[in-house]
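Quick note, the sequences are listed as chains R and U, same order. Heads up, the first sequence is in UniProt numbering, so the first residue is 1 and it goes up one at a time. Heads up, the second sequence is in UniProt numbering, so the first residue is 1 and it goes up one at a time.
Rather than coming from a laboratory, the hints here were simulated on the basis of the structure. Any given hint could turn out to be false.
Note: identical chains are not told apart, hence a pair may lie in one copy or across any two.
Unchecked claim - Below, computed lysine-lysine pairings styled on BS3-like, alpha-carbon distance capped at 30 Å:
#  : residue 1 : residue 2
1  : 337       : 256
2  : 98        : 114
3  : 209       : 367
4  : 367       : 481
5  : 367       : 337
6  : 256       : 345
7  : 134       : 106
8  : 57        : 7
9  : 22        : 256
10 : 181       : 458
11 : 47        : 469
12 : 114       : 256
13 : 14        : 481
14 : 417       : 106
15 : 330       : 72
16 : 98        : 72
Predicted model, so just to flag it, every value in this text is computed and none were measured.
Protein chains: 2
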Amino acid sequence: MSKNLTKREEDYSKWYNELVVKADLAENSGVRGCMVIKPYGYAIWEKMQAELDRMFKETGHSNAYFPLFVPKSMFEAEEKNAEGFAKECAVVTHYRLKNDESRPGKLMVDPNAKLEEELIVRPTSEAIIWSTYKSWVQSYRDLPLLINQWANVVRWEMRTRLFLRTAEFLWQEGHTAHATKAEALEESEKMMHVYADFAENFMAIPVIKGLKTESERFAGAEETYCIEALMQDGKALQAGTSHFLGQNFAEAFDVKFANQEGKQEYVWGTSWGVSTRLMGALVMTHSDDNGLVLPPNLAPIQVVIVPIFRTEEELAAITNVAHELMGQFKSLRISVKFDNRTTQKPGFKFAEWELKGVPVRIAIGPKDLENGTFEVARRDTLTKEIIAKDGAVSHVSGLLEQIQKDLFDKALRFRDKHITEVNSFEEFKEVLETKTGFVSAHWDGTAETEEKIKDLTKATIRCIPLNRKEEEGICVFSGAKSVGRVLFAKAY
Amino acid sequence: MSKNLTKREEDYSKWYNELVVKADLAENSGVRGCMVIKPYGYAIWEKMQAELDRMFKETGHSNAYFPLFVPKSMFEAEEKNAEGFAKECAVVTHYRLKNDESRPGKLMVDPNAKLEEELIVRPTSEAIIWSTYKSWVQSYRDLPLLINQWANVVRWEMRTRLFLRTAEFLWQEGHTAHATKAEALEESEKMMHVYADFAENFMAIPVIKGLKTESERFAGAEETYCIEALMQDGKALQAGTSHFLGQNFAEAFDVKFANQEGKQEYVWGTSWGVSTRLMGALVMTHSDDNGLVLPPNLAPIQVVIVPIFRTEEELAAITNVAHELMGQFKSLRISVKFDNRTTQKPGFKFAEWELKGVPVRIAIGPKDLENGTFEVARRDTLTKEIIAKDGAVSHVSGLLEQIQKDLFDKALRFRDKHITEVNSFEEFKEVLETKTGFVSAHWDGTAETEEKIKDLTKATIRCIPLNRKEEEGICVFSGAKSVGRVLFAKAY
């Protein structure tokens, strides 16, 4: 099975596209730019959702649900905020189909069912949510509003790729409202930390926390916090953003509150989101030429047991042992699958579970029964060991924790090896062309320089790292003064 | 607070509309026919989702996600199946807005961005899912496909009511494919039982299991199983349906498989769904003139503790006791809220939590501290008792179970009292006008009679109950022979 997968070195992009489909994560649908998330891929997304949802609730947020459609006029209200992407979007103009009299069996849009006002399928929900908050907020007692929504959104992307860029995608969007600027700033920074914690400790993806430059910011934001990850091909991927919206949306939708002194003030806002794009980051951070590599936290199946047998008696004896094991795994909440298909050979099964990234494989043959042993294989390192049956479950449980940790450490080493400090534009270009990864360089702080560098190299400023050291320097491009390095990279 | 709520006897419909809004379940949005599900309402929906999801997985189903949009041509393929509601739907015709040059600050649909083929916002997903299954199914080994989707759907309803009938609503839709007719029939019947189990044991709503008549069936189905509930005003509400689709969608989308003999056969299908409509059923089954009454299983807050105090010292002493209680409740996974607001009086808080349907309220005052007691109030019966502090938590835990059971029993008694056997059309009409509820009557089995009865009385056949007794009789309308009674009612 894995033999059919393109090697990463050959064509990374092709490897990715093939892997997403072959590992049963997702596929393109009959609708342009929209994907089908298959059960195996969706099971991974559900694990992300459950953990994020837990983290959001632990930090005081509640879920709610707002309409899919946004009337055109609401976009006009936030026009200055939404210039970025709001215009490439799906527009509903009619509300009925009818039989096409001239073509039997065909349907047509009923021209008599034209909407008075067009509805936009939400590309993001600031407009509809802030227009709702207007009636929810009267006094400082109604604040803060800490709300999250799990939803589908649509942006009419011309060039799409499974998970990374699709016309419809799934995400969560937090939208909060606060009485003070300080509180809203704190919230937006806090959610960036929540995302970083999730990415690193749950997905085993190291990220750099930082601020976006003005040109890379969300159009309605005064500050955008982000987490940036590095993929195996040396390209960066924005894994989550958290926006401090200032009073922009409050002004656009007239959301005011009476403060403790009874004076009317505009509310301060934040919004923050991560999406099914994280599935792409997951694949491109850990997987290899044999297929997916899943961190145990995200694996729908954490352990697969493959019986090696020739006769039905052998299978029966192995099945007994396997069931015993499964009971023990389940009591530890470790998800385990016994692949007892008789239609496939062990080699086929090994390749299939490798392709699907199951972290640990246990093979049990007649000899193992004799010796009281199992063969345990790690997906991430492709190494095998023979372990004793006694204590096997606790051994594997420890192994899963180790794999989770090792995957993060490995990705961190790779990432750190691919951050290169440069002090001239020649170096800058050379690193981007050869070593790739993040280029840490002084920048003069102007959008003009940022734009020129982008035109010349396709590299953008991924972020101004929060933990950067103060360091006087000279912009690699303009030679003007700089107070610290920023991270450039080509990005997804 | 509750004083402002219309009484059920006065105007049941108004009571419902007011309660949904005042109890913070949902509200109408700025988008015609679309609702906002508020955090408190959404928390209830999340509990329903979690339990249903657990039940679906326990019965072997996996979740997946399919596109929001369905190309018009896919509807044409299933045209014969979709005649029912597919035509009243949101149609996307364009994919871009642009600035309206003639009206500064305004947006317009870009006429150059017209889609070649219109996209329909899914009213249900049979078309898009069966067009996907075509490539997923080749051999009997690929079957059964047992898939569920949690999603939003849109049906362009002209008259909408919160939860009961909205243009956009949330639901789950199961779509399964099987090798044999028997297996698909078994699946559709099984899911009806899952729904009934959920409604009765989780939501405390008694339901009647039955089959729809041909006229009331989903257009693409050969058989529709349903669960029917009875609301307090004597109107029925269809709470869930499970369809046996025969080979209809397999034929429409050419989904064939090679059977064990290698012969090509069409696949057999089912689909089944419940929606946010269940929120409406929940409200209309249990609530009263003081507000919501929530079964403990569905209550976001199961126990609220209200301190009765005059001084800060009293509040501090009560807080100590409350925190002790809360720790004990949490260890039993009972959700508890300590309402220590100093901005509101106890009476206000009592009314508010009554309105929001919190099953148990514990009031603690200085006297209780002296005596080692609490005052415990049940929301469903509005009764109070004084209990000893020792053993209070296990008492309340038992009380929550009792309330869950009592709510079901009460609803069941009401429902059973409102099933009336009639043997003439005069009786039939009289019951519908006076006692309301389900009318159990003989029917000749023809769509013609069904239609005439509907025209004359607005009552429809809710179902042919699965457990009806064989009984020869005479149709109340036509006088023709009948082999058993069916249930008529006016319905939501």
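Hints, verified against the model:
1. Taking CA atoms no more than 30 Å apart as the test, residue 337 paired with residue 256 passes between copies only; the shortest distance there is 29 Å, against 55 Å inside one copy.
2. Taking identical chains as interchangeable, the C-alpha atoms of residue 98 and residue 114 lie at most 30 Å apart whether they share a chain (13 Å) or sit on different chains (19 Å).
3. In this assembly of identical chains, the alpha carbons of residue 209 and residue 367 never lie at most 30 Å apart, being 51 Å within a copy and 54 Å across copies at closest.
4. Within a single copy, residue 367 and residue 481 get their C-alpha atoms no closer than 71 Å, and across copies no closer than 72 Å, so neither meets the 30 Å cut-off.
5. When the C-alpha separation of residue 367 and residue 337 is checked against a cutoff of 30 Å, the pair qualifies only within one copy, where the shortest distance is 21 Å, while the shortest distance between copies is 58 Å.
6. In this assembly of identical chains, residue 256 and residue 345 lie within 30 Å of each other by CA distance solely across copies; the values are 26 Å between and 67 Å within a copy.
7. With identical chains, the CA atoms of residue 134 and residue 106 are at most 30 Å apart between copies only, with a shortest distance of 22 Å across copies and 44 Å within one.
8. Within a single copy, residue 57 and residue 7 get their C-alpha atoms no closer than 41 Å, and across copies no closer than 36 Å, so neither meets the 30 Å cut-off.
9. Taking identical chains as interchangeable, the C-alpha atoms of residue 22 and residue 256 lie at most 30 Å apart only when they sit on different chains, with a minimum of 22 Å there against 52 Å within one chain.
10. In this assembly of identical chains, residue 181 and residue 458 lie within 30 Å of each other by CA distance neither inside one copy nor across copies; the values are 35 Å within and 57 Å between.
11. In the homo-oligomer, the alpha carbons of residue 47 and residue 469 never lie at most 30 Å apart, since the shortest distance is 36 Å inside one protomer and 47 Å across protomers.
12. Taking CA atoms no more than 30 Å apart as the test, residue 114 paired with residue 256 passes in neither setting, with 35 Å inside one copy and 39 Å between copies.
13. Taking CA atoms no more than 30 Å apart as the test, residue 14 paired with residue 481 passes in neither setting, with 42 Å inside one copy and 68 Å between copies.
14. In this assembly of identical chains, the alpha carbons of residue 417 and residue 106 never lie at most 30 Å apart, being 59 Å within a copy and 50 Å across copies at closest.
15. With identical chains, the CA atoms of residue 330 and residue 72 are never at most 30 Å apart, being 51 Å at best within one copy and 46 Å at best between copies.
16. Taking identical chains as interchangeable, the C-alpha atoms of residue 98 and residue 72 lie at most 30 Å apart whether they share a chain (25 Å) or sit on different chains (11 Å).
Figure legend: structure checked against the earlier numbered hints; hints not met, in rising order: 3, 4, 8, 10, 11, 12, 13, 14, 15.
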